[in-house]
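Trainee: Throw the hints in and build the complete structure from the sequences for me.
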Amino acid sequence: MGCFKLAHMTLHSLFSHPDTVCYPAQTKPVPSGLKGHIVNDVSTCIMCGICAKTCPSGALTVDRKAGTWTINRFRCVQCGSCVRACPKGSLSMDPNYQKPSRHMYDDVVTKSIPDSKDAKA
Amino acid sequence: MGKKTIIPFGPQHPVLPEPLHLDLVVEDEKVVEAVPQIGFVHRGLEKLTETHDYNQFIYIAERICGICAFGHSMGYAETIESLMHVEIPPRAQYLRVILHELSRMHSHILWLGLAADAFGYESLFMHCWRLRERILDIFEMTTGGRVILSAVVVGGMVRDISNEMLADVRTRVQSIHDEYQQICNTFLNDSSVQSRLVGVGVIEHDDAVSLGMVGPFARASNVNNDVRSLGNGGYGQLSDFQPTLDSGCDCYARVKVRLQEVSQSARIIDEMISHIPDGDISVKVKGSPEAGAQAANTLEQPRGECYYYALGNGTKYLDRMRMRTPTSQNLAGMAQALAGCDLADVNMIVLTIDPCISCTER
Amino acid sequence: MTRSISFTDIALDKLVPLAQEKHDGGWRCIQMHCVTTDNGIDLTYTFDQDGVMENYRVRGVQESVDVPSLQPFFISLFPFENEANELFGVNIVNMKIDFGGHLYALAQSKPMTIISPAQKAAKDKAAKIARAKAAKAAKANISADGGKQASSARSSQDSANAAIPADLQEKLNHMSPEKAQKVRDAIAKRTEKQDQHSSASSSLQKSTNESSKSTTKEGK
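Protein chains in written order, with my numbering: chain R, 1 to 121; chain F, 1 to 362; chain W, 1 to 220.
For the record, the hints were derived by calculation from the structure and aren't laboratory data.
As the structure is a prediction and not an experimental result, all values here were calculated from the model.
Cβ atoms here follow ideal geometry from the backbone N, Cα and C, with glycine treated the same way.
Where hints are given, some of them may not hold.
Have a look at the derived ranges for each label pair, beta carbon to beta carbon [as the list claims (entries may be wrong)]:
hint, chain 1, residue 1, chain 2, residue 2, range
1, F, Asp137, R, Phe74, 22 to 28 Å
2, F, Ser195, W, Ala11, 51 to 57 Å
3, R, Tyr97, F, Ala291, 44 to 50 Å
4, F, Ala291, W, Gly26, 32 to 38 Å
5, F, Ala291, W, Ala11, 20 to 26 Å
6, F, Asp137, W, Ser109, 52 to 58 Å
7, F, Asp53, R, His12, 50 to 56 Å
8, R, Pro29, F, His13, 35 to 41 Å
9, R, Tyr105, W, Gln49, 54 to 60 Å
10, R, Asp41, W, Gln49, 38 to 44 Å
11, R, Pro29, F, Gly287, 39 to 45 Å
12, F, Ser195, R, Ala7, 17 to 23 Å
Mentor: The structure is reproduced here in structure tokens:
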């Protein structure tokens, strides 16, 4: 029973490729199953507001009259509840890493909703 | 007769994963008594059932603790399913067990790294954590998250893991396990490690039972209390499950129990992946729990037995959600083990209960 | 070992004899927790042996009542009893390890006993709906032999339910309980009026289509 039983592992890691990458010069390859961030295909969005009600952290705001869909990405926990709750399937998750930011901001997407009378006519 | 001094330990201390305060009453390098104090991470999460309905609360339950995250989401979902009398499909049960056992492997390897750090073996700590990164890569590939997985919903799983991906998971787990043998060898056979672990923090079997200890902390004192033996959920499909017990009663035995549990988890994952059935992964859950309905559930998390209780009141907000985590049971055992030890061994003993104070205080 | 879980209510004075019995029988005490109710605090103690889990609930404990501590039998209950004392205001006496109300540094005393107005409103609404349902069921059962009132109530209820199409039902599930109940009441009233005025099924079909369209607009 001697000391330094870790010799083999230590020598191996001296001569093998490091496990880390030189970020930001290199980036980690994105795994296929990554959740990523929420994206709204606003052309199919009907501004019903179900996603905002389902969100557990209150990251989404939907203003039907103004036609805006707002997401506070810093509150979003990427759970995917809004994607599953959306009745039109306009929400999806884009599996990519986000770049860090210096300021907090809200992402606003605007859609003009035609007046219902005009649509009928 | 030496003079008694009180040395405060924590809440900020390099060896502690989470804040815990101990007042050590010391007499000439020997600890006479230890008075624990918790409360630094209390966030009042159980009160959030008032503003978040039972579907949204699962994301709060996950965030009680980073290490036991998957365990809490699985235990919570099982409790609500029992409250609303929902049966989940068998494939979802198998997937939950596979991810939970991966979570156990990652938690124990993380703990082994911290234990090595506690007695000063920094390079062993870094190798353990480097190995753990490969398990986190498996999580990222299958569920999309590294630490907080968000893979479980009430009624099943969020997304399926295809059979090809499961075969890939199996090969990865096998290669992690092969490299893990060297770490095992170091912990068990290195003489410098043994001199820090053997005979430290002894708690006999009878004390362990009367103090109500749970988890690997108690199994190292030969207390058979593994909830997985009850065969709840996917664990009932295992062909043969024997809890890992050891009668050493000291820190070395606790390290040995956790080392063996990692190997056992790798075997369980292998068996589950070979026998996983095809089918749906979730059922739609509608409505709310009935007024006055109660459900209780236990789950064997990496740190021990975790108890969940839910009380419904007719609306989609639960009246009460209680999560009793294993570390709160082990605090009394820790205070007992600290009495009479050397000051230099305090780190090791505090760490052998695998303290998850965020879970204790929620 | 198979698992079995049971829930029983006991009285406060039976608590210490129960703990003595469980301690002598080699049971473990898993945990203790509290629930805030309108009648006081409910304490639940859980004991376990070989997969048999028993939950005992003491109902409606007031702040003025002394609850005997079970720490002499099960020392591992100390975090839970101190927590009950601080977060719920339960007065537990004879604790072996007593933090004296300083376990957590709280900004507000007994925070778990404070119920927010929104949750109280939701609970009251749910209780009202449950009472109304029970009363209707009782009425229908009593006058099952005859009675135009009971049959019309039943038929209006049935046609009201049939008048709600599947996609609107889905929307109602996502709405808040107050709004959903308003929509359901409006549909029920409308269909009841139609029942009284016309007997032709085709006219009923037309009017239910109209009512579902208008309530869809209202619901969004």
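Trainee: Hint by hint, work out which the structure violates, then give me just those numbers in ascending order.
Mentor: Violated: hints 6 and 10.
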